[in-house]
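Please build the complete structure, drawing on both the sequences and the hints.
First to last, the protein sequences are chains A and B. Here our numbering is used: the first residue of the first sequence is 1, the next is one more, and so on. Here our numbering is used: the first residue of the second sequence is 1001, the next is one more, and so on.
Treat the hints with care, as some may be off.
[Claimed, not checked] Just the calculated beta-carbon pair ranges, DEER-fashion:
1. L1011(B) x E15(A): 34 to 44 Å
2. S58(A) x G1016(B): 41 to 51 Å
3. E1052(B) x T50(A): 22 to 32 Å
4. N1030(B) x K41(A): 17 to 27 Å
5. T1020(B) x E55(A): 16 to 26 Å
Just so you know, these hints were derived from the structure itself, not from any lab. Heads up, the beta-carbon is just placed ideally off N, CA and C, and yes, glycines get one too.
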Amino acid sequence: EDKVVQSPLSLVVHEGDTVTLNCSYEVTNFRSLLWYKQEKKAPTFLFMLTSSGIEKKSGRLSSILDKKELFSILNITATQTGDSAVYLCAVDFQGAQKLVFGQGTRLTINP
Amino acid sequence: ETGVTQSPTHLIKTRGQQVTLRCSSQSGHNTVSWYQQALGQGPQFIFQYYREEENGRGNFPPRFSGLQFPNYSSELNVNALELDDSALYLCASSYRGETQYFGPGTRLLVL
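Structure, rendered in structure tokens:
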């Protein structure tokens, strides 16, 4: 059965800290891994990763994929209170139409 | 460019009733996917529509059904509502197999 596991499930840090969120997967026919940020309702797209070892970066956020070890990390540096959200990792498949999501990591940034 | 929109935002129903949720896809997108997100969980794939045909289905019973219209908007219908159907229902649009972008969701409460 296809599975995506995120850790930690919950994380509380102070503003300015750096955080690393983890996502591991066991799936057949992997095509890509995606990260989304969910603040209230709509998950908003952050990154799509298809190749191992190539870092994607957007401002203070960055992500990398390891297809050999089947995991990805999402880093957020110099965290701000606006980074507080649930971060979702999802896997996309060759020849299939669904995304399989992990449970999410709830990140809380305290001022 | 118009993003993904969903209606209604909130809905309260009683067990046994039927519900219809609506989704308008982002401009230029021809594929709509529906997900169910229970509290504290990641979204679960219900089904996807492409060119008005169902194009993949998750582990949901037949009382979950859908439609896609020529303008690519979509409906999710749920018959014989059960208490466990209480969740956030998310619609995502994409251009064929490309990145899925999510709407704000409809929060359904079944009493």
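* Indices of hints not satisfied (ascending) -> The structure conflicts with hint 5 only, although it agrees with all the remaining ones.
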